[in-house]
Amino acid sequence: MKLISEKQPLLILRKNKLKFSVTITLKKDVLDPQGKVVQNTLQNLGMDNLKNIRQGKYFEIDLDDNDQNEAKKKVDDMCKKLLANLIIEDYKVEKI
Amino acid sequence: MKLISEKQPLLILRKNKLKFSVTITLKKDVLDPQGKVVQNTLQNLGMDNLKNIRQGKYFEIDLDDNDQNEAKKKVDDMCKKLLANLIIEDYKVEKI
Amino acid sequence: MKITQKIIDKHGLKSEEYTNIKKILKREPNLLELGIFSAMWNEHCSYKSSRKHLKKLPTKGKQVIQGPGENAGVIDIGDDDAIIFKIESHNHPSYIEPYQGAATGVGGILRDVFTMGARPIALLNSIHFGSPNHFKTKSLLNGVVSGIGGYGNCIGIPTVAGETKFNDTYNENILVNAMAVGHAKKNKIFYSKAKGNNKSVVYVGSKTGRDGIHGASMASAEFDENSEDKKPTVQVGDPFTEKLLMEACLELMKDNSIISIQDMGAAGLTSSSVEMASKGDLGIELNLEKVPCREENMTPYEMMLSESQERMLIILEDGKEKYAKSIFEKWDLDFVVIGKTTNTNKLTLKFNSETVGEIPIDALASKAPIYDRKWNKKKISNKRIKIKNLKKIKILDSLIKILSSPNHSNKKWITNQFDQMVMCDTVQKSGSDAAIIRIHGREKAIAVAVDSSANYCKSHPITGGKQIVCENWRNLISVGAKPLAITNCLNFGNPENPEIMGEFAECLMGIKESCEYLDYPVVSGNVSFYNGTNKKNISPTPVIGGVGLIRQFKKPMNHHFKKENSIIITVGKTFGHLEQSALYEEVYSISDGRPPEVNLINEKNNGEAVLNIINSELVNSVHDISSGGILVALAEMSMESNIGVLINKPKKLTNQFEYFFGEDQSRYVLEVDQNNLKNVEKILKESNVFYENIGATQKTFFEIKKEIKISVKELYKANNQWYTNY
Amino acid sequence: MKSSVIVFPGSNCDRDISVALEKMQFKNQMVWHKESKLPKSDLIVVPGGFSYGDYLRSGAIAGKSIIINEVIKAANDGCLVLGICNGFQILTETGLLKGVLLRNENLKFINKDINIKVMNNETNFSKKYKKNEILKINIAHNEGNYFTNKEHLNELNEKNLIAFKYCNDEGDVNEKYNPNGSLENIAGIYNSKKNILGMMPHPERMVDKLISNTDGVNLFSSLLN
Ligand SMILES: Nc1ncnc2c1ncn2[C@@H]1O[C@H](COP(=O)(O)OP(=O)(O)O)[C@@H](O)[C@H]1O
Ligand SMILES: [Mg+2]
Numbered sequence: 001m002k003l004i005s006e007k008q009p010l011l012i013l014r015k016n017k018l019k020f021s022v023t024i025t026l027k028k029d030v031l032d033p034q035g036k037v038v039q040n041t042l043q044n045l046g047m048d049n050l051k052n053i054r055q056g057k058y059f060e061i062d063l064d065d066n067d068q069n070e071a072k073k074k075v076d077d078m079c080k081k082l083l084a085n086l087i088i089e090d091y092k093v094e095k096i
Numbered sequence: 001m002k003l004i005s006e007k008q009p010l011l012i013l014r015k016n017k018l019k020f021s022v023t024i025t026l027k028k029d030v031l032d033p034q035g036k037v038v039q040n041t042l043q044n045l046g047m048d049n050l051k052n053i054r055q056g057k058y059f060e061i062d063l064d065d066n067d068q069n070e071a072k073k074k075v076d077d078m079c080k081k082l083l084a085n086l087i088i089e090d091y092k093v094e095k096i
Numbered sequence: 001m002k003i004t005q006k007i008i009d010k011h012g013l014k015s016e017e018y019t020n021i022k023k024i025l026k027r028e029p030n031l032l033e034l035g036i037f038s039a040m041w042n043e044h045c046s047y048k049s050s051r052k053h054l055k056k057l058p059t060k061g062k063q064v065i066q067g068p069g070e071n072a073g074v075i076d077i078g079d080d081d082a083i084i085f086k087i088e089s090h091n092h093p094s095y096i097e098p099y100q101g102a103a104t105g106v107g108g109i110l111r112d113v114f115t116m117g118a119r120p121i122a123l124l125n126s127i128h129f130g131s132p133n134h135f136k137t138k139s140l141l142n143g144v145v146s147g148i149g150g151y152g153n154c155i156g157i158p159t160v161a162g163e164t165k166f167n168d169t170y171n172e173n174i175l176v177n178a179m180a181v182g183h184a185k186k187n188k189i190f191y192s193k194a195k196g197n198n199k200s201v202v203y204v205g206s207k208t209g210r211d212g213i214h215g216a217s218m219a220s221a222e223f224d225e226n227s228e229d230k231k232p233t234v235q236v237g238d239p240f241t242e243k244l245l246m247e248a249c250l251e252l253m254k255d256n257s258i259i260s261i262q263d264m265g266a267a268g269l270t271s272s273s274v275e276m277a278s279k280g281d282l283g284i285e286l287n288l289e290k291v292p293c294r295e296e297n298m299t300p301y302e303m304m305l306s307e308s309q310e311r312m313l314i315i316l317e318d319g320k321e322k323y324a325k326s327i328f329e330k331w332d333l334d335f336v337v338i339g340k341t342t343n344t345n346k347l348t349l350k351f352n353s354e355t356v357g358e359i360p361i362d363a364l365a366s367k368a369p370i371y372d373r374k375w376n377k378k379k380i381s382n383k384r385i386k387i388k389n390l391k392k393i394k395i396l397d398s399l400i401k402i403l404s405s406p407n408h409s410n411k412k413w414i415t416n417q418f419d420q421m422v423m424c425d426t427v428q429k430s431g432s433d434a435a436i437i438r439i440h441g442r443e444k445a446i447a448v449a450v451d452s453s454a455n456y457c458k459s460h461p462i463t464g465g466k467q468i469v470c471e472n473w474r475n476l477i478s479v480g481a482k483p484l485a486i487t488n489c490l491n492f493g494n495p496e497n498p499e500i501m502g503e504f505a506e507c508l509m510g511i512k513e514s515c516e517y518l519d520y521p522v523v524s525g526n527v528s529f530y531n532g533t534n535k536k537n538i539s540p541t542p543v544i545g546g547v548g549l550i551r552q553f554k555k556p557m558n559h560h561f562k563k564e565n566s567i568i569i570t571v572g573k574t575f576g577h578l579e580q581s582a583l584y585e586e587v588y589s590i591s592d593g594r595p596p597e598v599n600l601i602n603e604k605n606n607g608e609a610v611l612n613i614i615n616s617e618l619v620n621s622v623h624d625i626s627s628g629g630i631l632v633a634l635a636e637m638s639m640e641s642n643i644g645v646l647i648n649k650p651k652k653l654t655n656q657f658e659y660f661f662g663e664d665q666s667r668y669v670l671e672v673d674q675n676n677l678k679n680v681e682k683i684l685k686e687s688n689v690f691y692e693n694i695g696a697t698q699k700t701f702f703e704i705k706k707e708i709k710i711s712v713k714e715l716y717k718a719n720n721q722w723y724t725n726y
Numbered sequence: 001m002k003s004s005v006i007v008f009p010g011s012n013c014d015r016d017i018s019v020a021l022e023k024m025q026f027k028n029q030m031v032w033h034k035e036s037k038l039p040k041s042d043l044i045v046v047p048g049g050f051s052y053g054d055y056l057r058s059g060a061i062a063g064k065s066i067i068i069n070e071v072i073k074a075a076n077d078g079c080l081v082l083g084i085c086n087g088f089q090i091l092t093e094t095g096l097l098k099g100v101l102l103r104n105e106n107l108k109f110i111n112k113d114i115n116i117k118v119m120n121n122e123t124n125f126s127k128k129y130k131k132n133e134i135l136k137i138n139i140a141h142n143e144g145n146y147f148t149n150k151e152h153l154n155e156l157n158e159k160n161l162i163a164f165k166y167c168n169d170e171g172d173v174n175e176k177y178n179p180n181g182s183l184e185n186i187a188g189i190y191n192s193k194k195n196i197l198g199m200m201p202h203p204e205r206m207v208d209k210l211i212s213n214t215d216g217v218n219l220f221s222s223l224l225n
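Chains as they are written, first to last, in my numbering: chain A, 1 to 96; chain E, 1 to 96; chain B, 1 to 726; chain S, 1 to 225.
So here's chain A without its partners, still in its complex pose (with noise of 0.2 Å):
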């Protein structure tokens, strides 16, 4: 908090939570076991329009950062580091 400049009280003093979601999927060829029995329950209960369920992961994420790029590089670290996969799966990371 020493460093707060004139230009840009603001943008510092708010408390900068930024929130982000990830969203994490198999990826394409990947046997999606749980999506198939929930698939075939559901078509069992009687949706017969249904196709394909895919299932995946979600997060929501908050960050106190003050750079909204910052924070997503930070998110993509994260989604590189742990909570993705990416020999089976890939990600997508949005502001919300």
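Everything labelled a hint here was simulated from the structure, so no lab data went into it. Accuracy of the hints is not assured; some may be wrong.
List time: in silico DSS-like cross-link candidates among lysine-lysine, alpha-carbon distance up to 30 Å [claimed, not checked]:
1. S:34 x B:322
2. S:130 x B:325
3. B:536 x B:411
4. S:176 x B:401
Fit chains E, B and S with the ligands to the given chain A structure using the hints.
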């Protein structure tokens, strides 16, 4: 294919695959042990600005349907009937 | 598509091998055929480097019903009961994707066992990780353990024993070996050998996707910087479907519908169909458009090489299709007749009635290349490391240091993640020398354990090979079981390197010697070569999985001290071998000394005497003495029950470290009631076994007279914190 | 006493419970999930395991099966229903029991023997136990972390509907002895009519001295009369 009417050939001829996404999140007051552990792990990895993570589920659903509203209702129905446990979860359906 | 050099290389075929293929076919192969050759001639399927050496292993015995060569080995445990078991590696996939790699490893080995008609009753594993300080180790450990549990827990088969080790030799190449044990009726065992012309070939189980295409080649390729590119070959396991497949197969097996059955493991549809035809001296014709596919537009190449999990191939008796189909439909599984047996001795592949590939079966099986690879004898160093030259340490500090090291810490953090009790026949869970599983509804039980010792094998492959068989044998004896037979998983580096091939050849010599002497034949196994990165090979790590029989089961024998004031006896002579020991490794970081000698005569003699004592119900608890010597063995017995010991200082030996931490082989600790002592001594004397009375159990304190005294609780604490703090 | 054990694809403690029931002299039948009729029974058991792989949420898909409607009907007519582990999860998914079972707090599957305390010994399931008796019973689950809303929790407490709580050897109920993060250490609950019991621990694993202990026996013998 015999039923194509003059007025709406395109709509029917176009193989009408509608795609929806469903995100399911835990209600606010429900404990999210997964999110918490993910959060701790990331913080241990040095992600200091990270304030909060909540984990949820994500689905991509393909329907064969002509009417988008109708289809969305069906997805809504799927959520209520199976995908979400409304005691602890909220859901959101979006056309993608 | 024209077959270019690049395509050949990509398939991992050597140019001599390609020339050979052209000679066999008398033409150029097409891409599909090339893919099939590459899968079948691959190390993983053909055992081309190992076969010559494997042949020397003893595989026969009164107890053996089926030795190596089938999906799993089969042994006789009396009455009309048979035990079917095997161990297999899933090292490379587990390094790339630990959860799924380990999970599908468990799934794969289970299929090998229930394919033969057995209901699986126990799972074991041997997992080796790099140094705990290596940045990948923690997530690999987490992923592998939860993957093993994830699959076994879900399918509902108890995971009851295993071993977990850390060593920087595995930094870039972890080992994940899984073993499955099943029970069958002797007259209801199913084999993969096809019989009869024009019989239906049926595909059952999950649909085929683009999983692990060329997984088998991956498992036989060294890792390099680009290994991350090999990602998509990892498969996702579906234990739920496997459970259905298992129940469906076992249900169909009650009837006489099946001629032969084979799971689709490495190289999927290719290896299963070729193996069935080859064993039956038949041909096989497949109509690939009938293969149930998960993805759109899959090509014959993809179908033949896919390694999608949870699939089986069955050859049915005439007229049984409808009945069999009804069973698989009940379990919501695909069931499709995709071809038939022929008498052409060829693998004929059709796609929409067009022939897309045709290869003589023997070219893929019996004519697959065999290499007599060059191997060098290990140069054994004569370096002697004496404790006198080392810096001063204290006995208690050393003990604590060993007990709190990752390799010797209590493994509950791992085993609590496995369902060990499901099926309600687990008499003894993880934590003892061997697990005990009751045969359902009977009074008999089997004991199972897995063991390895990479340090021993590295520094002296022959002795190391000998030692692991003996250690495994000893672990079964310690719970009162008569050891019957083993399975082995041979994890080695690059066989094209003569030093590595030498380690392989010599370890096998050692294994053979012990197995022969102990009448402990090898009935199944698996070889995993090319473990290592960038020319850095792992230490040789053969893993032995043993099965023993407890004929009349009364109460489980284990190593938990039962009472205060019982006498403690060590069986077997203590010489004080430290050159290769837990003490040297954990306290001095020295791990290149020679392993202790193995004396097979003593091994057998001591073991049989101990078994006799257990069977005569003269002993309260038993533990073998292995890594860490007498003191660690005693500490383990104490920590399980919070009963202490009072040990006398040895008289003859001058060096206490040698006495208490020495790793001489063929030794056991026995806890004996005062009033049984005479009878125990009588048996030991009559069997000419060396033994020593070293002290007694006592309340709460772990004590060597005038040397150390510590509460057992404190030892327990030291032994139980590494994993939770990691 | 007639019992029925419902078998879903992926159930894996079905054999274990039927062995236990038969050992305790129940006349037991296995009922396949696709069946639309339940045999006449005094006790229905929904066993442990991984019905439908526990995909989506544990118990969710079994909660939509054909047979489950029959179970609901029977339960509403007062039939005794016991859900063990996955069975408990299924019963909450059907609404027969309120609340949910979340992922274990440490996110790991947990298999071990733990202590539980009998909180209410005046039900058809527990009358052979002493009040506050401490049992050692095996747990084996991924999702045993019981959660419910405040009103329901109050109801559970006020109406004495908590069947078992995790505790230590001495019967101390304390967060320290909570293996999975479950609310108030709850290990099992009754519905308001006390004809339905859902519990995470596996009593069927505790009826044979040779493999464990016999702390589960009294649950079955309570049911017998
Ligand atoms: N990964 C594992 N899975 C199951 N059990 C394990 C595992 N690792 C170790 N164990 C168990 O921990 C105990 C100690 O292992 P170990 O020290 O290797 O035993 P031993 O020296 O008798 O061979 C054994 O009962 C073993 O079965
Ligand atoms: Mg041992």
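Going down the list of hints, with the structure as the test:
1. S:34 x B:322: The hint holds at about 20 Å.
2. S:130 x B:325: violated, 52 Å
3. B:536 x B:411: holds, 29 Å
4. S:176 x B:401: Holds - the C-alpha atoms of residue 401 (chain B) and residue 176 (chain S) are around 28 Å apart, at most 30 Å.
Going through the hint list in order, the structure does not satisfy hint 2, though it satisfies all others.
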